[in-house]
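Protein chains in written order, with our numbering: chain Y, 32 to 363; chain L, 3 to 263.
Hints are not guaranteed to be accurate.
Pairs of lysine to aspartate or glutamate residues, derived as EDC-like cross-links and limited to a Cα-Cα distance of at most 16 angstroms, are as follows [said to hold, decoys possible]:
hint, chain 1, residue 1, chain 2, residue 2
1, Y, Lys-125, Y, Glu-71
2, Y, Lys-177, L, Asp-206
3, L, Lys-196, L, Asp-81
4, L, Lys-170, Y, Asp-224
5, L, Lys-170, Y, Glu-229
6, L, Lys-216, L, Glu-231
7, L, Lys-240, Y, Asp-224
It is worth saying that the hints were derived from the structure and are not from the lab.
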Amino acid sequence: MAKEDYKGIWVFAEQEHGVIEPTVFELLGKAQDLQAHNKEEIVAVLMGNDVDALAPELIARGANKVIVVNDPALAEYSARPYQAALTQLVEKYKPSILLYGATPLGRDLAPRLMITLDTGLTADAIDLGYDEDDVFYQTTPAYGGKILAHIVILEKRPQMATVHCKMFAPLEADPARTGEIVKETVQVEADPDYQVVEFVPDENVEVNIAASDVIVAGGRGIKSEDDLKKLQELADLFGGQVGVSRPLVDNGWMPHSRQIGQSGVTVTPRLMLNLAVSGSVQYTLGMQKAGCIVAVNTSADAPIFDFAHYGIVGDYKQFVPALIEELKNRKA
Amino acid sequence: MKILVFVKQVPDTDDVALDPKTGNLKREGVQSMLNPNDANAVECALQLKEKFGGTVCAISMGPPQASRTLKTVLGMGCDEAYLLSDRAFGGADTLATSYTLSKAAEKIGDYDLLLCGRLATDGDTAQTGPALAAWLGLPQITLASSLAVEDGWVICDRKLGDMRQRVKAKLPAVVTVTGDLNKPRYATAMGLMKAGKKPFFTWDAAAMEADTSKTGMPGSPSSTKGVFEPEKRTTDTKYLSGEMVDIVKELVDSLEAEHLL
Numbered sequence: 032m033a034k035e036d037y038k039g040i041w042v043f044a045e046q047e048h049g050v051i052e053p054t055v056f057e058l059l060g061k062a063q064d065l066q067a068h069n070k071e072e073i074v075a076v077l078m079g080n081d082v083d084a085l086a087p088e089l090i091a092r093g094a095n096k097v098i099v100v101n102d103p104a105l106a107e108y109s110a111r112p113y114q115a116a117l118t119q120l121v122e123k124y125k126p127s128i129l130l131y132g133a134t135p136l137g138r139d140l141a142p143r144l145m146i147t148l149d150t151g152l153t154a155d156a157i158d159l160g161y162d163e164d165d166v167f168y169q170t171t172p173a174y175g176g177k178i179l180a181h182i183v184i185l186e187k188r189p190q191m192a193t194v195h196c197k198m199f200a201p202l203e204a205d206p207a208r209t210g211e212i213v214k215e216t217v218q219v220e221a222d223p224d225y226q227v228v229e230f231v232p233d234e235n236v237e238v239n240i241a242a243s244d245v246i247v248a249g250g251r252g253i254k255s256e257d258d259l260k261k262l263q264e265l266a267d268l269f270g271g272q273v274g275v276s277r278p279l280v281d282n283g284w285m286p287h288s289r290q291i292g293q294s295g296v297t298v299t300p301r302l303m304l305n306l307a308v309s310g311s312v313q314y315t316l317g318m319q320k321a322g323c324i325v326a327v328n329t330s331a332d333a334p335i336f337d338f339a340h341y342g343i344v345g346d347y348k349q350f351v352p353a354l355i356e357e358l359k360n361r362k363a
Numbered sequence: 003m004k005i006l007v008f009v010k011q012v013p014d015t016d017d018v019a020l021d022p023k024t025g026n027l028k029r030e031g032v033q034s035m036l037n038p039n040d041a042n043a044v045e046c047a048l049q050l051k052e053k054f055g056g057t058v059c060a061i062s063m064g065p066p067q068a069s070r071t072l073k074t075v076l077g078m079g080c081d082e083a084y085l086l087s088d089r090a091f092g093g094a095d096t097l098a099t100s101y102t103l104s105k106a107a108e109k110i111g112d113y114d115l116l117l118c119g120r121l122a123t124d125g126d127t128a129q130t131g132p133a134l135a136a137w138l139g140l141p142q143i144t145l146a147s148s149l150a151v152e153d154g155w156v157i158c159d160r161k162l163g164d165m166r167q168r169v170k171a172k173l174p175a176v177v178t179v180t181g182d183l184n185k186p187r188y189a190t191a192m193g194l195m196k197a198g199k200k201p202f203f204t205w206d207a208a209a210m211e212a213d214t215s216k217t218g219m220p221g222s223p224s225s226t227k228g229v230f231e232p233e234k235r236t237t238d239t240k241y242l243s244g245e246m247v248d249i250v251k252e253l254v255d256s257l258e259a260e261h262l263l
């Protein structure tokens with residue numbers, strides 16, 4: 032079958048325990064732009080067990096059609112049954128595009144579809160569109176995030192991507208929107224070799240920095256774990272939390288839960304101090320919507336200054352103790 | 003237990019250059035290192051070996067220079083190293099890479115557990131582990147922040163935002179691990195001396211009976227069409243300068259004026 036014969040913009044409508052992942056609505060929003068260009072149908076693919084009730088909202092959020100699959104083997108997410116079910120649907124309908132949210136579940140599932148469908152999969156795209164040659168592209172930060180790349184899947188179909196969360200605005204739910212709901216069945220069995228033992232609130236969750244009003248963030252230029260403790264002291268004075276860029280997680284100084292950026296947490300504090308952070312795209316994707324951004328870096332041309340409302344070209348080792356002293360004096 | 007651990011050599015810097023013709027990474031002159039999450043996977047494999055006995059095989063696809071990374075993990079304590087190196091592997095996306103790794107796993111055979119880092123810092127895709135599992139038809143656990151093996155099952159915790167999920171998969175299985183799993187050991191001088199005597203295999207496509215239409219660029223459906231500079235954000239930055247004591251006073255005054263304190 033020629034690639035031109037594949038039609039349809041598909042969005043994998045990730046749901047767990049009857050709740051649709053919000054990124055699905057963002058993808059349905061972005062799919063309107065793609066549809067304006069390629070005139071293809073927007074289809075949400077909803078899989079689970081007893082999930083019919085979720086279909087109307089997908090139409091209200093911009094899907095032209097919802098394909099619903101109910102099967103006891105799909106009641107809880109498991110990679111191999113979901114892989115089998117989605118593969119069967121794609122082989123039957125042959126969409127040209129298949130998008131997933133770049134959530135833990137989406138990133139667990141999509142690479143397996145790449146194998147069974149023998150096609151390309153772009154990871155964690157931050158934008159999608161059609162270029163001047165009419166080619167569908169996915170934008171990703173490349174090589175540490177100093178540059179962006181357009182990834183294309185020229186010959187294979189569907190063109191697949193996982194898409195970063197919170198990049199696109201969802202449509203307002205509009206119950207007046209109409210669409211078709213199609214029930215499908217698949218041949219799928221529960222995986223006897225994979226079990227979810229428990230799914231509980233994390234009692235050891237160190238801290239949820241995404242919920243913090245003030246964040247003091249340290250980057251690659253932070254010299255020692257002792258210096259990180261000073262950052263914590265500063266954060267305490269602000270009533271905030273410490274976050275870090277990826278190098279300080281990679282070297283084991285901080286847990287992944289404190290990592291800001293595309294492969295970490297997206298934060299939107301009212302006040303954010305960035306100390307010895309250079310500001311790669313990978314990092315700034317996770318903090319560019321912060322309210323007031325302060326940057327301290329010895330290098331005047333660090334990209335973080337492009338985001339900063341207040342910039343200090345200097346050494347965090349002098350800045351941090353001076354600011355701690357100043358805040359203490361004012362509190363006294 | 004036979005554990006396969008998949009490792010990647012990555013640039014030890016964000017300052018990397020591109021080949022303007024191919025859009026691929028220029029590797030010359032760039033310091034390299036073991037991908038951080040892969041070090042966690044190696045540490046995990048070594049701890050399991052200490053507990054259960056067995057063999058830890060380290061596998062890396064890359065140019066001949068990637069042998070340095072394999073020497074490092076042999077120095078940490080891995081038993082055997084496999085370098086998958088062939089011009090036919092160049093320019094691979096995650097589909098072609100995972101195919102090539104799966105062929106090595108099949109040739110080594112008899113594996114119980116396959117470990118990968120959560121992602122590699124140069125590509126950030128996090129796709130190779132689950133794709134490898136799919137090629138081999140195995141169950142998988144991604145994003146493991148803890149790992150235990152009991153009665154033929156691997157049991158892991160996954161941190162998902164505010165939630166914690168505990169899952170188990172029957173061996174053989176593929177697990178991708180995060181940096182929270184452990185603190186990787188360093189290769190010791192003694193370890194590196196012993197590493198020179200350990201089995202080290204270099205395999206090309208023919209050695210693994212890999213179909214070269216599925217490796218490298220021919221086996222890669224996705225490609226980079228163009229690279230460009232991110233659009234500069236133009237925030238009006240107020241630069242504070244002078245003595246540090248004055249800078250922080252001015253900053254705190256400004257933040258107070260904006261009701262941010």
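Broken hints, by number: 2, 6 and 7
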